[in-house]
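Novice: Numbering (the numbering used here), first residue to last: 13 to 160.
Careful, some of the hints might be misleading.
Stated by the list, open to error - Distance ranges between label pairs, derived from CB positions:
| hint | residue 1 | residue 2 | range |
| --- | --- | --- | --- |
| 1 | R84 | D137 | 34 to 42 angstroms |
| 2 | N140 | L52 | 27 to 35 angstroms |
| 3 | D131 | K101 | 17 to 25 angstroms |
| 4 | D131 | S34 | 34 to 42 angstroms |
| 5 | A116 | N146 | 14 to 22 angstroms |
| 6 | T54 | D94 | 27 to 35 angstroms |
| 7 | N157 | A32 | 19 to 27 angstroms |
| 8 | D142 | I89 | 30 to 38 angstroms |
Claimed, not checked - Below 30 angstroms or equal to it, Euclidean Cα-Cα: the simulated DSSO-like pairs (lysine-lysine) are:
| hint | residue 1 | residue 2 |
| --- | --- | --- |
| 9 | K27 | K101 |
| 10 | K27 | K90 |
| 11 | K101 | K19 |
The set of hints was computed from the structure by calculation and includes no laboratory data.
In this text, all values refer to a predicted model and were calculated from it rather than measured experimentally.
Idealized CB from N, CA, C, for every residue including glycine.
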Amino acid sequence: MAAGDTKLMSDTIRKDREGAYSAADNWQVVFFSDTFASILSTTANPTSSTYTVVSGGNFAANYPLANEAVTRSGAVIKFDADDIGQQLKNASNPAIKTAGLINATVSNDLFQVWDLTPDGTTAVDTVNNDFTFNFGAGGINTVTNTST
13 MAAGDTKLMS DTIRKDREGA YSAADNWQVV FFSDTFASIL STTANPTSST YTVVSGGNFA
73 ANYPLANEAV TRSGAVIKFD ADDIGQQLKN ASNPAIKTAG LINATVSNDL FQVWDLTPDG
133 TTAVDTVNND FTFNFGAGGI NTVTNTST
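My request is simple: use the sequences and hints to build the entire structure.
Specialist: Shown next, in the form of structure tokens:
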């Protein structure tokens, strides 16, 4: 695995389909010290406490998202929000390996995870380097309907 890889959690996708979540919920980004490979998409009812959330230095315990929206353009449905901004380098910053999207309104359910490492195991150097986490042009996630 490498930086930018992402996975959706199976149980939270099920809950989403059942109507448990809304774009208006309190969605947050958290950072974990766990590797991407150790966070299994098949874990039953994963929450932020299932894994090791890290904070300290210039890293908050969580980053509530702003301007969440679900949009559709043709066959593409996108969930997006504003980026969380930059965390400045600091000797007290934690060792982060993954980022997670949680729904703080619904039991801190872990919805999606991103690998931040260059090689699957090496933590991002936030002690010597500023860190920016952006969702990118594709948004937080997209679904494309290929049915005709």
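Novice: Between N157 and A32, does the C-beta distance stay in 19 to 27 angstroms?
Specialist: For A32 against N157, whose Cβ atoms are near 21 angstroms apart, the range 19 to 27 angstroms holds.
Novice: Please check whether D131 and K101 have a Cβ separation lying inside 17 to 25 angstroms.
Specialist: holds, 21 angstroms
Novice: Just to be careful, I want the Cα atoms of K27 and K90 compared with a cutoff of 30 angstroms; is the pair within it?
Specialist: holds, 18 angstroms
Novice: For the pair R84 and D137, does the Cβ-Cβ distance stay inside 34 to 42 angstroms?
Specialist: Holds, at about 39 angstroms.
Novice: Assess, step by step, whether the Cα of K101 is no farther than 30 angstroms from the Cα of K19, and give holds or violated.
Specialist: holds, 27 angstroms
Novice: Per the hint of 27 to 35 angstroms, is the separation of the Cβ atoms of T54 and D94 within bounds?
Specialist: Taking Cβ atoms as reference, T54 and D94 lie about 31 angstroms apart, which means the hint holds.
Novice: Holds or violated: 14 to 22 angstroms for the Cβ distance of A116 and N146?
Specialist: holds, 21 angstroms
Novice: Quick check on a hinted range of 30 to 38 angstroms for D142 and I89, using CB atoms only.
Specialist: holds, 33 angstroms
Novice: Keeping to a limit of 30 angstroms between CA atoms, is the pair of K27 and K101 held or broken?
Specialist: Status violated; Cα separation ~37 angstroms.
Novice: For the pair N140 and L52, does the Cβ-Cβ distance stay inside 27 to 35 angstroms?
Specialist: holds, 31 angstroms
Novice: Is the distance from the Cβ of D131 to the Cβ of S34 consistent with 34 to 42 angstroms?
Specialist: With Cβ atoms ~37 angstroms apart, the hint holds.
The structure shown violates just one earlier hint, number 9.
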